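Chemist: Here is how the chains run, residue by residue.
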Amino acid sequence: MRPFKYSNAADPAAAITAISVNADAKFLGGGTNLLDLMKEDVMHPSELVNITRLKYADIEKTSNGILIGGTATNAFTANHERVRKQYPLLTMAILAGASAQIRNMATNAGNLNQRTRCSYFYDVNMPCNKRTPGSGCGALKGLNRNHAIFGWSEKCVAVYPSDMAVALAALDAVVHVEAGNQEKRTIAFADFHRLPGSTPQIDNNLKHGELITSIELPENDFAAHSYYLKVRERSSYAFALVSVAAAMSLDGSRIRDIRIALGGVAHKPWRATAAEKLLVGKEATMANFKVAAAAELKNARPLEHNKYKVKMAGDAIVRALSNAMNGVGYGMNAGLEAGV
Amino acid sequence: MSETGKPISRIDGRLKVTGKATYAAEFNQPNMAYAFPVRATIAKGLIVSIDDAAAKKEPGVLSVISYKNAFRLKPMDMQAQMKAGAAFLGENLLPLQENKVHYLGQFIAVVVAETYEQARTAAYKLKIRYTEEKAATDLKSELPKAKKPKMFMGEEAQVNEGKTAAPLAASAHQVNHSYSTPVEHHHPMEPHATVAVWDSTDKLTLYDATQGVGMTSAIAAYFLGLQSENVRVVAPYVGGGFGSKGLWLHTLLVAIAAKAVGRPVKLALTRQMMQTNVGHRAATIQHVALGADTAGKLGAVRHHTDTYNNLTTFFEPSGKQSLVLYQAPVREVTYNVTTLNRGTPTFMRAPGETPGTFALESAMDEMAYELKMDPVEFRIANHTAKDPMKGHDFSSDSLVDCYRIGAERFGWSARSMEPGQQRKGKYLIGYGMATATYPGGRSAASVKVTMTANGEVTVRTASIDIGTGTYTVLAQTVADALGVPVDRIDVKIGDSSLPAAPLAGGSQTTASIHPAAMEACVLLRKELAALAIADPSSKLNGRRLDEISYADGKLVITGEEKKSDAYADIMKRAKRTEMEACATTQPVSGPGMTVPSALCTPRETPPEQNSDIKQYAFHSFGAQFAEVWVDQDFGTIRVKRFTSVQDVGRIMNEKTARSQIIGGVIFGIGAALMEATEYDKRWGNPVTRTLADYHVPVNLDVPPIDVHFIGKPDPHISPIGARGIGEIGITGVSAAIANAVFNATGKRLRDLPLTPDKLV
Ligand SMILES: Cc1cc2nc3c(=O)[nH]c(=O)nc-3n(C[C@H](O)[C@H](O)[C@H](O)COP(=O)(O)OP(=O)(O)OC[C@H]3O[C@@H](n4cnc5c(N)ncnc54)[C@H](O)[C@@H]3O)c2cc1C
Ligand code: SF4
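These protein sequences, in sequence, are chains E and A. Okay, so the first sequence: first residue is 1497 according to my numbering, each after it adds one. Okay, so the second sequence: first residue is 198 according to my numbering, each after it adds one.
Simulated from the structure, these hints should not be mistaken for lab results. Treat the numbers as computed from the prediction; the structure is a model and nothing was measured. Glycine is no exception: its CB is placed at the ideal position from the N, C-alpha and C atoms. Worth double-checking, as some hints may not be accurate.
Claimed, not checked - Facing chain A, from chain E, some residues (calculated, C-beta under 7 Å):
(1) R1611
(2) S1615
(3) N1621
(4) G1638
(5) N1716
(6) D1717
(7) V1727
(8) Y1733
As the list claims (entries may be wrong) - Pairs of lysine-lysine residues, derived as BS3-like cross-links and limited to a Cα-Cα distance of at most 27 Å, are as follows:
(9) K1807/E <-> K955/A
(10) K324/A <-> K1535/E
(11) K1786/E <-> K944/A
(12) K1807/E <-> K623/A
(13) K1637/E <-> K217/A
(14) K760/A <-> K1803/E
(15) K254/A <-> K324/A
(16) K345/A <-> K759/A
(17) K456/A <-> K324/A
(18) K1651/E <-> K878/A
(19) K1501/E <-> K337/A
(20) K1535/E <-> K909/A
(21) K322/A <-> K1501/E
(22) K944/A <-> K1807/E
(23) K1803/E <-> K1773/E
(24) K878/A <-> K1794/E
(25) K1807/E <-> K621/A
(26) K944/A <-> K217/A
(27) K955/A <-> K1637/E
(28) K878/A <-> K342/A
(29) K1794/E <-> K955/A
(30) K345/A <-> K360/A
(31) K623/A <-> K1803/E
(32) K1501/E <-> K253/A
(33) K253/A <-> K1786/E
(34) K689/A <-> K1786/E
(35) K1535/E <-> K852/A
(36) K852/A <-> K772/A
(37) K337/A <-> K322/A
(38) K1803/E <-> K322/A
Bound-form chain E, shown alone:
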């Protein structure tokens, strides 16, 4: 690791100022991603500002939902009673990710900003447009079994690895950020992460110096019918090959409203809008789920080694929807059942 300057931010303004004046400075959350990248010399910020002692570590009720603190840990968030009760999808998604130890360290804002696990990105001797713009994409013609089937460009075929964010995409979260001079703005979740296009080095639309203070979850009536399904190569502690966040509200057996988002398939959480459109107002049946899944996957563009993801994602949508319909995993034990 290269030497860097380190400080503890006393208050949000100080943190934001410190970062804003130094283009090479970074906020430090739990460090579970950033420090790894620094050890491998993929990122070398000259300064880290620890923000985990700021006051954004709580979960608050608002008039129209809840606000989850940016520096609250993943573990705290997943296990919070309100989240478990009202947003079990989020609990399931968080608990499907990483390990208990990492979730105890990882912050919610850090999770949204975690970088791809593409192994060419991590290996500084390999070409990678995300790490070194213009050097080429190692994965495009290389080993891309874990890479994207949607939304990729010739410049980058990486997937964004977060589980939590897939649930947040389905739940129509809103990211609250603060910049210098106490300027505040919100970013709709669908607009937070980006597709790689010709600038894969930019993961998301957060600007340098902007601090994520909280993530807002609007109220919904999905709690009884939500499910996060994650397909992975071992039973836990592995990134998703494919994951699905599914949530619906039902009038009897008719789907009143529905949200479906996919993980492990694109450079951002992939909202399955084609499938959603087909299902709203329809009967919640396996046959309809299959038609919707097929419609969504019709547009998939697999690479040389990840053709399996197309079938897997389709089956995962159907399974997640049927589990959501049946209320599998609902209640205070939400998340313990997460997975296949």
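Fit chain A with the ligands to the given chain E structure using the hints.
Modeler: Chain A with the ligands alone, transformed into the frame defined by chain E:
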């Protein structure tokens, strides 16, 4: 009284869980500097220039060493190295002696600095230019250049080439398929590390994460031009090895670095270096053909392996078990070995048998299905009690019991022959089984036992505990051989200055050092008895040696319990504060994996203790049974339960033995379902770079594992009767799982690991 066999907990367990056991990287020295190695970023070529100007300007940098300025090591000379016990390097390459690059990741320079981070930062700043040559990076495309090696570790490598073609063709039933296994890495929990301390210009101490202190001492001494008794290698605790902790370049590199800066230097490998610099299990493509008659008797077995090597003559010997298992009139085992520019293939837990049993035992399952025979009955029908190649009886023959007991414990009879019959919700359920086997090796060893007049006993031998339980079982054996409690026994191992023992490899440690420990105790008791017999105030005075037995820290006249004399009393009266005896035992096969020069008081080992390879074939056997649940939509496979029945001779400690088998089975589950290092053939780099990419089983992947031992002492391997246990547990596991997947789904998967993408 017997301590041997008891399931006592590790005597070093408390030290380990309280952090008091010191591993190599924890031997911090006053004034110690840190070394960080620099790795080649091409797979083949020459280094043209190394610009270290920027690196040298970094704070704290003490030295940048490359082929240009490194201390010259004694060149390789296999003949001379053999004589010196220094032949067994991980790779036949010396660090920083020339500008040639043989594989991506090769150590080509080292930076030494005041701190680890300073060394690492400076290492990033070296600018190295190469002329690159076209590298061989892909097994399949290099196979046309493969050669047929004549020998593998002293044995013929091409057996009966071409001899099975006719009998196979004439067989009523044939199966003939190719099976492939990927590159696997050992990835012990403790990364390799060495602290080098030059005590004077001709004396060196190495605190090294190694599986063999004697071997490391001999090799380091040879290349550094020192006397081997002047290179002390210390490794009291080692956090796993699995075959990867032989001598690799970093150990010599840190010795060079410490010499250059005139200070103690520490070097610890990163997880990424552990993928390129300390060996791996090479990928194999195996072609197995079996022929059987209508009654289900095998007529021919053919096992051909395509694989590769680099910088050694070692290659993955995946045909080994096919020379040992089953009665078949003809068997053909051959190899084609090409060379790749890839870090060096080496021994990895059950080298050969791990990938080899996957191929052979999958093929056996395919044949059983072809014959519509139960896979257990098919194996029993073809069981052999003799080594099929040598014709000798196996030293113990309990494999059929392993099958039967395993089938009973597992509930095998509930299995249906036809696949896809058992379903639970979204899961298809299947049962599979396979045979396990591994050779029962033994090498020479010396053990010294010391007793004080206070009754404290110390056992010393240059063996290693890589997490297996060596400390504990050695204390148990000595406790029994002297009649003293385990807690009075202090075990000292992991130091090359102690009497010689084999490296911890080839499942030989217990089989080798315990006969010597027992013999040393016999010698010690004899000396005590001689003192007592000669002492007029002893109750044993004037008696014959053969009348004297021992118990509870005393010598006793057999049958006359009151006539006894405590060891402590004998020693006090003789004014001896301490007595010791050192014994060497050596099988007829020779010193084996032990450096002979460090053996103490070489003695003739009685023929009955010889592990006579001229009369017997020494092998362990077992049977593995797996139940899998397959989610067909996603291709995910869960092993739901596992039964392993093993004949490994006497069980020295029920608990540590069981742990070895459980560990082996878990290793096997990893090999079956997830472990694989993948390389990008354009550059020859491993793409699975971290333990987040290279998956090993997590707790949730590990089902309840039912372990059962036959437990009969092997009467021929040694008076102790224990064969090794460290490796056999992994063999057959991946085949049992793949066979269970077939039984569940009807899909035959012949390419490991069985990741979801292969099943959907
Ligand atoms: C072995 C391993 C396995 C894992 N498996 C999974 C998995 O299966 N699923 C999954 O979803 N995740 C997984 N993770 C990733 C883990 O979830 C992330 O590393 C973690 O969420 C990052 O949070 P952090 O607080 O540690 O971020 P940090 O590492 O501290 O920071 C990450 C980035 O976020 C920025 N940042 C932090 N806080 C803020 C803020 N408030 N405002 C603006 N920017 C900010 C930092 O500057 C940095 O660029 C795994 C990680 C590891 C190491
Ligand atoms: S996929 Fe993206 S992250 Fe991976 S090598 Fe290509 S550019 Fe880099």
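Chemist: Now tell me, hint by hint, if it's right for this structure.
Modeler: Results of checking the hints against the structure:
no., hint, result
1, R1611, "violated, 13 Å"
2, S1615, "holds, 5 Å"
3, N1621, "holds, 4 Å"
4, G1638, "holds, 5 Å"
5, N1716, "violated, 28 Å"
6, D1717, "violated, 28 Å"
7, V1727, "holds, 5 Å"
8, Y1733, "holds, 5 Å"
9, K1807/E <-> K955/A, "holds, 12 Å"
10, K324/A <-> K1535/E, "holds, 19 Å"
11, K1786/E <-> K944/A, "holds, 24 Å"
12, K1807/E <-> K623/A, "holds, 17 Å"
13, K1637/E <-> K217/A, "violated, 49 Å"
14, K760/A <-> K1803/E, "violated, 82 Å"
15, K254/A <-> K324/A, "holds, 13 Å"
16, K345/A <-> K759/A, "violated, 69 Å"
17, K456/A <-> K324/A, "holds, 24 Å"
18, K1651/E <-> K878/A, "holds, 20 Å"
19, K1501/E <-> K337/A, "violated, 49 Å"
20, K1535/E <-> K909/A, "violated, 52 Å"
21, K322/A <-> K1501/E, "holds, 20 Å"
22, K944/A <-> K1807/E, "holds, 18 Å"
23, K1803/E <-> K1773/E, "holds, 25 Å"
24, K878/A <-> K1794/E, "violated, 32 Å"
25, K1807/E <-> K621/A, "holds, 22 Å"
26, K944/A <-> K217/A, "violated, 50 Å"
27, K955/A <-> K1637/E, "holds, 20 Å"
28, K878/A <-> K342/A, "holds, 17 Å"
29, K1794/E <-> K955/A, "holds, 22 Å"
30, K345/A <-> K360/A, "holds, 16 Å"
31, K623/A <-> K1803/E, "holds, 23 Å"
32, K1501/E <-> K253/A, "holds, 22 Å"
33, K253/A <-> K1786/E, "violated, 63 Å"
34, K689/A <-> K1786/E, "violated, 66 Å"
35, K1535/E <-> K852/A, "violated, 39 Å"
36, K852/A <-> K772/A, "violated, 41 Å"
37, K337/A <-> K322/A, "violated, 37 Å"
38, K1803/E <-> K322/A, "violated, 40 Å"
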